[in-house]
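Student: Listed below are the residues making up each chain.
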Amino acid sequence: MSPTVAGSGNILVQVCGDANSVTVCQRPGVHLWRPPRGRKPSHEREVLLSHFEAIPFAARETDLKLIGEWLSSDRQTSALCIVGAGGTGKTRLALELFHRYEADWSCGFITGFRDPSALAASTPAMDRNRPLLAVVDYAASHAEDLRKFLEDLAQYGTRIPKVRILLLERFADPQSGWYQRLFNYSQTAPTADLFFQPEPHLLTPLTSDLDRRSIFNHTLDASAVFHPNSTRPQDAFDLGLLDKPHLADPLVLMMAALAAWETGVYGVLSLSRPDLAVRMARRERTRLAKRSNSILLPHLAAHSTLSGGFNKAALRTAAREECESLETTYPDGPGALARDLADMLPGPTPESSGVILPDIIGEAFVLDVKPEGIDRAAHRDADAVIRTLTRTLQDFYDPHEVRGKNQSGVDGSTSVQWLRQLASQAHAGDVELLFGIANNLPESSVELAPLAAEVHSRLLDILSSVPGLAESRRAQQAALLNNYGNRLGALGDRKAAKEATGESVAIRRKLAIARPDLYLADLAGSLTNYGNRLRDLGEREAAKEAAGEAVVIYRKLAEARPDAFLPNLAKVLNNYGNMLSDLGEQEVAKEAAGEALVIRRKLAEARPEAFLPDLARSLNNYGNRLSDLGQREAAKEAASEAVVIRRKLAAARPDAFLPNLATSLNNYGGMLAACGEREAAKEAAGEAVAIYRKLAAARPDAFVHGLAASLAAFAMVTDDPRESGALFHEALRTLVPIFLRLPKAHAHLIGRIVADYIEVCEDLGSPLDVDLLMLILPVLAQLQNNNSQGNTEG
Amino acid sequence: MTTDYMLLASTLFNFLLPHLNYVRGKVADSALSESGKALVGLLKDKWLGKSEAAKAVVAAADPADSNDRDAILAQLKKALKADPEFAKEAEKLATNAGLQLSITGDNNKTAVVQGTGNTVSIS
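Listed in order, the protein sequences are those of chains A and B.
Using the numbering used here, read the first sequence as starting at 19 and increasing by one per residue.
Using the numbering used here, read the second sequence as starting at 178 and increasing by one per residue.
Pair ranges (Cβ atoms, derived):
hint	chain 1	residue 1	chain 2	residue 2	range
1	B	Ala251	A	Glu695	34 to 44 Å
2	B	Ser228	A	Asp227	48 to 58 Å
3	B	Lys255	A	Ala532	49 to 59 Å
Treat the hints as calculated values from the structure; they're not laboratory data.
All residues carry an ideal CB built from backbone N, CA and C; glycine is no exception.
Use the sequences and the hints to build the structure in full.
Tutor: Spelled out as structure tokens, the structure:
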């Protein structure tokens, strides 16, 4: 066969023989967009919008250097993820990149992946002879499209000389959530290989007071036009007011500058991010009220903001629906309502009018207005509403008032209630909505784990009621069960966690028998978790068996694709070593931990930025195994190397690696104490406590558990029994509030500390703090009773 | 009549279980009779607030450890045996609170429950 083909972008398939199967995929396509330049803000809030570029770009040298290296690397196609909280300047950084590189690169934001045409034809401005820099803002919300797009890129490539995909998002975790789902290790389309580095890069905070001054003063300059009769606020730098940690975000500085026109600089620079956002949101309400006194205008603005904005037709429909639902009329009817809102809130693109931006101000507006009919909003665009509510809870849900006393009266827990309401009202037809909630709840939050567990449970109920689930749904069901097990494990519900993970193993085993190429790696992943869940319940033999099976599978997979699977093999070997150690098989345990260490050392040599954290983890573990065998000096050496690595990592990225450094310091302290080096041991353990004190002050939800553990570890290495007793006592007092809220999640640690505390008190002959113990022991006795009833029933 | 310490321990522990929130100060005073309150107070002062009892509760609550209720009962029995005054006072208060302590016959299985919403399975 020799066909003649004319034109471009053709896909030609020639097949000979019988029973062939051909799948023709569309080449990866995207919509690209760039905001028009030179627009002037028409009112004060628009000064805050990155698209207006109302103030000059602030220093980002570290970030720009990394991006420069990434762009100039030899790879044909490569992706990079940059993370930073809302308002840290991610979008503005992307715009700056466009300006810097537009002479040689085609640049733009990806706004959609549904274009069936080839990538090179996606926008008239794109020249297929030039490299492409495409930015995906809010990457998590495009995760599914993005995954398919990356798979297409990995499989087919493009005709463009270079493609760079920059993902921007608030959080990204390579081990879980939306970011993990992008990593596909399959033999046909391994998207994992596309990433420049698997770890996301955290946007550097603004630490220099001079940079902060520049942003603050430029915002005053840009907004002066809206305050012709006001006196310009004083220079905050001269007053020494710019050194507070929360002023590391450009948006906070900019909101403070706008607020300063009304109240002066002294009060506003001590206001928290949420409080500043609420002030801006209330100004927006006042601005809307000048157009119309009708409650419908702010109500529709809140609904539209929840949905991430509407196009013209959708805005008209929503206006009509809301007028009918609230049984309220708007002067000149719903059409006028839609027009007024579009006029007041034009939005960055024609597809997103009616939305209040920046995000945090829109979220504050929604919380302040508390619009009736969240279910109607979810009915219009469930994904968008869930994303907005998730962002809202990230910015405003602060049960411990970590960000300072809430002065605005706006309650972030409303967003949690709304999500719970949506989840509880969901029925069999709302599977995607529930998946949306499940996938958007941050896995690092123990406070939100109960809601996440509820949503997973509801989804699983729905899926299990469907007879004859399709293969893809069964794969989803198994993934859900796996994640549900992790959530339950975080909540300390160990039996239920084991059951869920075990079920995931069973489903994935069946899937892997039928399609090993697709599902064997998933089975190994579930087996790894199942081993951990069994270990939590003291089922040591079964735990070893599960981890051992995962080792066998990963070893086989790593032989075929070492790049993709050696990291997993090392991880499960580490776990396997722990389980062998639990059973007293110390020599074999050391061997397994040693093999993991060798693998990770090689990986870290080749790609230190990606694998040094894993190497430190292995060194910690290997040190423990050596310690089990009484090889104290060697154990100390391994623990010391882990500390050195983690200290370096923490210096570069404190947010990501300080907790790990504290863990390593605790471990190292124990090793030093075992070698009789008490002073050095105290120093290491004391440093760990100091780190956790800072972390827990910022995020008690995530770090109080670690603080209590490190206080207890410090108590173990101190040679003064009185100090030791005081430290155990402090650890208990620290842990009790969160233990009482989620007893199962913290029962194991608090039990250990109570036992140690009692022992020290007995040695000293000092009285127990019975009042404190009476808060803990009844709860532990109830847990025991519940456990034993569960055992009887089982 | 000699005291059956195991029976007494079991009766007292089963009485205490539904009242653990009272021990934590989470339940209003009116939820318990005067003798009930006195019994809870006695168990708290003479047993649960002591280090041996605390250790048994901690060990039994850990599912990766023994998760063994018998260990708690054994510890309570030991405490009662070691302090006859405590046992006597507990027995008296239990009787005043209406708890049944004396059993006759062979192979008895007993459960003493106070409060609402309890489930007892005897097989």
